[in-house]
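Each chain is listed here by its residues.
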Amino acid sequence: NAGVMQNPRHLVRRRGQEARLRCSPMKGHSHVYWYRQLPEEGLKFMVYLQKENIIDESGMPKERFSAEFPKEGPSILRIQQVVRGDSAAYFCASSVGGYNEQFFGPGTRLTVL
Amino acid sequence: KNEVEQSPQNLTAQEGEFITINCSYSVGISALHWLQQHPGGGIVSLFMLSSGKKKHGRLIATINIQEKHSSLHITASHPRDSAVYICAVKGNTDKLIFGTGTRLQVFP
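Going down the list, the protein sequences come from chains A and V.
First residue of the first sequence? That's 22 in our numbering, and the numbers climb one at a time after it.
First residue of the second sequence? That's 507 in our numbering, and the numbers climb one at a time after it.
Treat each hint with caution, since some may be false.
Below, in silico cross-link-like pairs of lysine-lysine (BS3-like), each with a Cα-Cα straight-line distance of 27 Å or less [stated by the list, open to error]:
(1) A:Lys65 / A:Lys83
(2) A:Lys72 / A:Lys48
(3) V:Lys574 / A:Lys65
(4) V:Lys560 / A:Lys48
(5) V:Lys561 / V:Lys574
(6) V:Lys560 / A:Lys65
(7) V:Lys560 / V:Lys574
Computed from the model, here is a short list of chain A residues facing chain V with C-beta under 8 Å [stated by the list, open to error]:
(8) His50
(9) Leu64
(10) Pro82
(11) Phe86
(12) Phe125
(13) Gly128
Coverage of chain A stretches by chain V, computed from C-beta distances (three or more under 8 Å per stretch; other residues unrestricted) [to be verified]:
(14) 35-44
(15) 66-76
(16) 94-106
Read the hints as simulated data drawn from the structure, not as lab findings.
Glycine residues also receive a C-beta, built at the ideal position from the N, C-alpha and C atoms.
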């Protein structure tokens with residue numbers, strides 16, 4: 022049973038480009054969480070999704086950021102018109118249910134030039 | 507004041523020492539996680555607990571719900587234990603609230 026998969030592991034974008042980060046949850050997990058870790062800072066919650074639904078997006082910046090978790094395929098975190106301040110490690114976690122243990126992916130390290 | 511506070515922020519130890527990392531929180535929780543992150547690496551879930559004590563190998567985690575406090579202990583520490591240890595709590599919603607982490611270095 023493969024763990025949580027994230028790709029790409031490293032992503033370099035120039036200011037103004039779009040970044041797409043993918044997360045495939047563990048088999049049997051239908052809950053996905055996205056977290057961001059800014060350089061030298063702690064982890065912060067961004068968004069919580071179940072299949073085809075956004076449950077809680079209270080940690081997501083209001084502009085340029087969006088997330089989806091379609092019926093088929095991975096969850097996608099999309100950042101439009103990236104800026105240098107978006108440079109961070111983005112971690113995805115998945116769980117069987119909302120009150121179950123979350124398992125983390127290896128993260129995507131985004132660098133904006 | 508952060509909702510989740512960890513101490514110490516940095517910790518150095520000699521191989522073989524007993525290590526304790528503390529976590530205090532100010533919100534009501536349904537569960538508490540201890541996570542491990544190696545430099546530049548991913549995050550590994552060590553424990554999720556809501557009461558009492560859990561043990562896995564050389565790691566022990568305890569929680570006191572009344573005092574809103576948890577501790578992570580490492581017995582017979584080893585250089586490979588060097589990492590950042592993160593406490594995270596789950597409140598009434600499903601999202602995790604993280605402490606800032608404790609950076610542990612174990613020297614041979």
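The hints, checked one at a time:
1. As the CA atoms of lysine 65 of chain A and lysine 83 of chain A are separated by approximately 15 Å, the hinted pair is consistent with the 27 Å bound.
2. A distance of roughly 13 Å separates the Cα atoms of lysine 72 of chain A and lysine 48 of chain A; the hinted pair therefore holds under the 27 Å criterion.
3. Only pairs whose Cα atoms come within 27 Å are accepted, and lysine 574 of chain V paired with lysine 65 of chain A is accepted, the gap being roughly 21 Å.
4. Using a Cα cut-off of 27 Å, the hinted pair lysine 560 of chain V and lysine 48 of chain A holds, with the two alpha carbons roughly 26 Å apart.
5. A hinted pair counts as satisfied when its Cα atoms are at most 27 Å apart, and lysine 561 of chain V with lysine 574 of chain V qualifies at roughly 20 Å.
6. Annotation: proposed proximity of lysine 560 of chain V to lysine 65 of chain A holds, straight-line Cα distance about 26 Å (limit 27 Å).
7. Between lysine 560 of chain V and lysine 574 of chain V the CA atoms are separated by roughly 17 Å; this keeps the pair inside 27 Å, and the hint holds.
8. A least Cβ separation of about 13 Å between histidine 50 of chain A and chain V goes past the 8 Å threshold, and the interface hint is therefore violated.
9. Hint status for leucine 64 of chain A: holds, given a least beta-carbon distance of 4 Å to chain V, under 8 Å.
10. Interface hint status for proline 82 of chain A: violated, as the beta-carbon distance to the closest one in chain V is roughly 15 Å, over 8 Å.
11. Taking 8 Å as the C-beta cut-off, the interface hint given for phenylalanine 86 of chain A is violated, the closest approach to chain V being about 16 Å.
12. A least Cβ separation of about 4 Å between phenylalanine 125 of chain A and chain V falls short of the 8 Å threshold, and the interface hint therefore holds.
13. A hinted interface residue such as glycine 128 of chain A counts as satisfied when its beta carbon comes closer than 8 Å to some beta carbon of chain V; here the least separation is about 6 Å, so the hint holds.
14. For the region 35-44 of chain A, the proposed coverage by chain V is not satisfied: 0 residues have a C-beta within less than 8 Å of a C-beta in that chain, short of the threshold of three.
15. Coverage of a stretch by a chain is defined here by at least three residues with a beta carbon nearer than 8 Å to that chain's beta carbons; for the region 66-76 of chain A and chain V the count is 3, and the condition holds.
16. Check result for the region 94-106 of chain A against chain V: violated, 0 residues qualifying (beta carbon to beta carbon below 8 Å, three or more required).
Of the hints listed earlier, those the structure fails to meet are numbers 8, 10, 11, 14, 16, in rising order.
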